[in-house]
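Which chain is which? The protein sequence lines are A and B, in order. Counting from 1, one number per residue, gives the positions in the first sequence under our numbering. Counting from 1, one number per residue, gives the positions in the second sequence under our numbering.
Note that these hints are calculated values from the structure, not bench results. Incorrect hints may appear among the rest.
To be verified - Computed Cβ-Cβ distance ranges for the label pairs, DEER-style:
1) Ser126/B / Leu72/A: 40 to 46 angstroms
2) Lys123/B / Val208/A: 55 to 61 angstroms
3) Lys24/A / Thr68/B: 39 to 45 angstroms
4) Gly171/B / Pro351/A: 32 to 38 angstroms
5) Thr61/B / Ile168/A: 36 to 42 angstroms
6) His179/B / Ala51/A: 17 to 23 angstroms
7) Thr47/B / Gln377/A: 44 to 50 angstroms
8) His179/B / Asn331/A: 43 to 49 angstroms
9) Gln415/A / Lys123/B: 53 to 59 angstroms
10) Thr45/B / Thr88/A: 16 to 22 angstroms
11) Thr45/B / Trp146/A: 46 to 52 angstroms
12) Thr47/B / Ala330/A: 32 to 38 angstroms
13) Ala59/B / Pro351/A: 43 to 49 angstroms
14) Trp251/A / Gly171/B: 16 to 22 angstroms
Claimed, not checked - Straight-line distance between alpha carbons at most 30 angstroms, and here's what the computed DSSO-like set of lysine-lysine pairs gives:
15) Lys123/B / Lys28/A
16) Lys146/B / Lys336/A
17) Lys246/A / Lys160/A
We treat Cβ as the ideally placed atom computed from N, Cα and C, and that holds for glycine.
Residue-level listing of the chains:
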Amino acid sequence: MKVNRLLFFLLPFLYLTACTDNCKETRKYRRYSPVTFTANQLRQGVQIEPAQPLVNPGKIYTKDQYLFINELKQGIHIIDNRNPSAPTPVAFLRIPGNGDIAVRDNILYADSYMDLVAFDISNPASVQAINRVQDVFPNGSFEGGWWSYDAANKMVYDQKVSYVSETIDTNCDEGVNPTGGWIGWAFTSMAQNSATSDKSGGSTTNGVAGSMARFALYDNYLYTVNQSTMQLFDIKNPSEPKIGNKIQMGWGIETIFPYKDKLFIGSTTGMFIYDNVNPEKPVQLSVFQHARVCDPVVVNDNIAYVTLRSGNQCGGFTNQLDVVDITNLANPKLLKSYPMRNPHGLGVAYPNLFICEGAYGLKSFDIRDVMNINQLQHIEGLDSFDVIPLEKSLLMIGKDGFYQFDTSNPRQLRQLSRIPVTPPTYY
Amino acid sequence: MKRLLIGCLMALVCQNTHAQSFSQQLRYVNYTELGGLFGRVASGTSTAQLVENRVSFTAQTFNGVQLTNRLAVGGLVSVDWYKAALLTPLGAGLRFDLARDSQRNVRLLAIADAGYGFAWLHKASSGYDVKGGWMINPGIALRVGKPSASAFVLSLSYKRQTADVQKPLTGNDIQRDEHRIYNRICFRIGVAF
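Kindly produce the complete structure, drawing on both the sequences and the hints.
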């Protein structure tokens, strides 16, 4: 009798549990909608404004203890970083269609859709536009959305990006098809059957860019890459950039990384190595080809580190770090690949390598043995897009803010400061 | 979390060792069972929902000590082969005899197991990353056999296991993660001694 009474209490919970698997997939993705601007409208939009909060940050750049954080397609946040623990916003430089930055001496170069604009930043709080090279960039992309310039009609056709987050119920099965195997075979079969269905001449000084940069400075030239070409600008007189050579490179060019007298170009199909002995006319030495994915590249000594990521305009399904031996620049060789989650920008400060994993955080590695690269730390819970390793610190930008870390101990990066994104747009 | 679990297991093992060294009355018990995890899954939007049946293989071994005539406690190791996740729960559990008369040949037991399911044995497709999660497994069991000898065991229980999966990014994706809760009726057959 006692047993029966206990059973009476036990049985209901079996009914209440509702033996239905509950699997929810959370997906965040970009959505694009068309938008059009006139060239005049864009050119008149350049101005200096009071400091503003980060909303949708893009690339980062640093020079002389000042930070330049790109606000995608909107302009540049200028931040005084003399105290890395408490960076102070100075001003916001509004530049419609801006995505990239380069600074030589006191001149800042920025793209504004189809134009290159030069600014005098001697006084960061009162930046002045001093020159503009018009109609030099025919097209480009921001966050996977494409824009193009119609020179005849002086119109820019762009795509506005919005972010969507959705949660859907799944059948818990995606990713594995465990039909091969021992005892499990019978059960999985049952389940299936039962289914209902730098050389910077003289005393000039350059800033430092991240690995996702499309602008690079070397000697008397500013190198800019768009989807298919490398456009050079002669900046012998920094305040008067002049259009230089244009080099066709093939489709899918993404990033440029200058190292010594070489240029390393990241593209969706491979890494291009250019000899820049004659800075006026870089010459292609070789191509390291890989599957069609996005791939920023950084270089240290004779090793190039290339991250491949899928998604968006990158295509492909590869997410990994490729370590490439470039001892023979004419014949780069893959040494080893390491699986990654969704690698974006990366930065090397030997013996450490830092890789941004997009929405999946930031990783630091020990690269003393390139055949056995060890992960030292994985900081999750933040979004990381690109990094700039400095002597003892790391600058990192992501969709949820700008971070500075003390890298004295690469196993345990210590956050020095953070400038959050306000308001959060989608995270 | 994992450290906590390992700590609990160590404590349990130590406790058992301690108990055995001080009292020879504590008897070692083992329950080893095989069976299936039965359930359903509903996917899709509310207007186009697809319901499918699910059966997965499960195996478990429970090793512990008979603390009293009615109560046994111990640690357990399982293997749960869900269709898209091979998980290995480690945990602790108890077996409580619901009948006061412990000399009967057929005894009804209350079972309660809990632990953390690890994905150590899982081999994921490229781009997928499966992580385990917490597991609870309460239920009842029939122990058929003389109390002093080996016996057959039939158990019916509810098993809740969580897991998290990172999925490959395609198209315009920025993030794609899945949180899984496996809610299953667990039916197992095995031996106890």
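These are the hints, each one checked on the structure:
1. The hinted range of 40 to 46 angstroms is not satisfied by Ser126/B and Leu72/A, whose Cβ atoms lie roughly 31 angstroms apart.
2. The hinted window of 55 to 61 angstroms between Lys123/B and Val208/A is violated, with their beta carbons roughly 42 angstroms apart.
3. For Lys24/A and Thr68/B, the Cβ-Cβ distance of about 43 angstroms falls inside the hinted range of 39 to 45 angstroms, so the restraint holds.
4. Between Gly171/B and Pro351/A the C-beta distance comes to about 37 angstroms, which sits within the given range of 32 to 38 angstroms.
5. For the hinted restraint 36 to 42 angstroms between Thr61/B and Ile168/A, the CB-CB distance of approximately 37 angstroms keeps it satisfied.
6. A hinted range of 17 to 23 angstroms is violated for the C-beta pair His179/B and Ala51/A, which are about 39 angstroms apart.
7. With their beta carbons about 45 angstroms apart, Thr47/B and Gln377/A fall inside the hinted range of 44 to 50 angstroms.
8. Distance hint for His179/B and Asn331/A: a CB-CB separation of about 47 angstroms, consistent with the stated range 43 to 49 angstroms.
9. Range check, Gln415/A to Lys123/B: about 36 angstroms between beta-carbon atoms, so the 53 to 59 angstroms window is missed.
10. Take Thr45/B and Thr88/A: their Cβ atoms lie about 49 angstroms apart, and the range 16 to 22 angstroms is violated.
11. Checking the proposed 46 to 52 angstroms range against Thr45/B and Trp146/A shows it is violated: the Cβ atoms sit about 31 angstroms from each other.
12. Remark: the range hint 32 to 38 angstroms for Thr47/B to Ala330/A is contradicted by a beta-carbon distance near 60 angstroms.
13. Distance hint check: the CB atoms of Ala59/B and Pro351/A are about 46 angstroms apart, consistent with the given range 43 to 49 angstroms.
14. Separation of Trp251/A from Gly171/B is about 19 angstroms and conforms to the stated range, judged on CB atoms against 16 to 22 angstroms.
15. For the given pair, Lys123/B sits about 26 angstroms from Lys28/A by alpha-carbon distance, which is consistent with the 30 angstroms threshold.
16. For the given pair, Lys146/B sits about 61 angstroms from Lys336/A by alpha-carbon distance, which is inconsistent with the 30 angstroms threshold.
17. Restraint check for Lys246/A and Lys160/A: the C-alpha separation of about 29 angstroms stays at or below 30 angstroms, so the hint holds.
When held up to the earlier numbered hints, the structure conflicts with 1, 2, 6, 9, 10, 11, 12 and 16 and fits the remainder.
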